[in-house]
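Engineer: Sequence:
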Amino acid sequence: DLASAHYELGVFFGMAGQDFLADRGFPIQEIDFAGSHGQTVWHHDGDPAAGTLQIGAHSVTAFHLGLPVIGDFRWADLAVGGQGAPISSWADWVLHRNACPKFSILNLGGISNVSVLQGNSNPRAWDTGPANGPIDFLAEHFFQSPFDDDGHFSAQGRVSTEVVQALLADTWFDRPVPRSTGLERFGAPFAQQALSLFNKHALSATPVDIMASVTEAVAFSIANSLAKEGLSAAPVYVCGGGASNSFLCSRIAAHLDLDSLLPYSDLGWNPDLREAVAFALLADAFVQGESTTFAETTGAKKAALLGAFHPVPVLDRP
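Just so you know, we're using my numbering here: the sequence shown kicks off at 302 and counts up by one.
Check each hint, because a few of them may be wrong.
Stated by the list, open to error - Straight-line alpha carbon distances no greater than 27 Å define the calculated BS3-like cross-link-like pairs of lysine-lysine that follow:
hint, residue 1, residue 2
1, Lys-602, Lys-403
2, Lys-501, Lys-403
3, Lys-403, Lys-603
4, Lys-602, Lys-501
No lab work stands behind these hints: they were computed from the structure. Quick caveat, the model's predicted, so the values are computed rather than measured.
My request is simple: use the sequences and hints to build the entire structure.
Structural biologist: Quick look at the structure:
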């Protein structure tokens with residue numbers, strides 16, 4: 302099943318790329334290559350030897366798109382002692398490092414990660430822990446909804462301080478930065494831990510109470526991670542799917558004693574395109590022979606060229 306999904310997703314990426322170019326009238330002859338990260342289905346939880354896995358076969362994408370594809374960005378970072386994540390912080394640094402004297406870009410995906418930028422100084426980056434992953438799981442579990450739209454469910458609930466404290470007792474939160482993790486720890490298992498805690502302590506709770514408690518744990522873990530690194534007073538620009546959850550964002554801001562988190566669009570870029578732009582830049586850096594690793598972002602021990610080249614696998618032979 303995994304191998305089949307790897308192939309089919311490669312086809313999908315290639316065809317989607319073709320549709321994108323056609324819809325916007327971009328001649329494919331004017332494009333040199335594409336960058337493709339793939340879909341992460343596994344990422345280690347602190348032991349780089351456990352690896353990372355993204356699916357979406359790049360050679361298949363190259364064939365259906367009709368362009369060479371640069372992919373496999375994370376493995377070179379792992380090879381030189383890095384965590385393999387977060388790697389888009391290099392693109393944040395290229396695009397935004399002079400926007401403010403010191404600020405952070407908070408990406409609320411299934412997992413939360415942050416890029417810290419301060420002029421031309423090397424960026425810092427790390428995973429703070431859970432974000433949408435456990436919240437989405439509970440929204441589906443209780444309400445058959447793929448996510449908690451704008452925090453509608455969580456905002457109605459009462460928070461169990463006892464459960465929040467137990468969730469935050471995970472020793473992963475004490476690991477030094479840079480660090481990385483995945484949904485294998487902070488997706489469904491984090492949500493299921495919350496369910497077990499409510500049952501274990503015989504706490505009376507409605508579904509929205511459970512969602513409110515998990516959302517509060519997520520918000521505090523993010524804010525506490527930023528505060529421990531001296532970022533509680535610096536502007537925070539938020540992006541990713543969680544940026545649409547105003548309740549989650551308001552709780553993060555409250556724990557940081559900020560009026561609000563700032564929209565990523567204030568930096569002059571469409572937040573929906575952030576990761577696509579990031580991997581286009583990483584692909585270009587690979588072609589230019591430029592390292593995109595920093596010890597401060599992934600823990601990489603050496604500068605490394607991230608990516609691998611996948612040509613269009615058709616030879617023009619007689």
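Engineer: Taking the hints in turn, state whether each one holds.
Structural biologist: Hints, one by one, checked against the model:
1. Between Lys-602 and Lys-403, the direct Cα distance comes to roughly 25 Å. Compliance with the 27 Å bound is thereby established for this hinted pair.
2. The straight-line distance between the Cα atoms of Lys-501 and Lys-403 is roughly 44 Å, outside the 27 Å bound, and the hint therefore fails.
3. At roughly 26 Å between alpha-carbon atoms, Lys-403 and Lys-603 fall within 27 Å of each other, so this suggested pair holds.
4. Our distance criterion of 27 Å between C-alpha atoms is broken by Lys-602 and Lys-501, whose separation comes to about 44 Å.
In terms of the numbered hints stated before, the structure departs from hints 2, 4, listed from lowest to highest.
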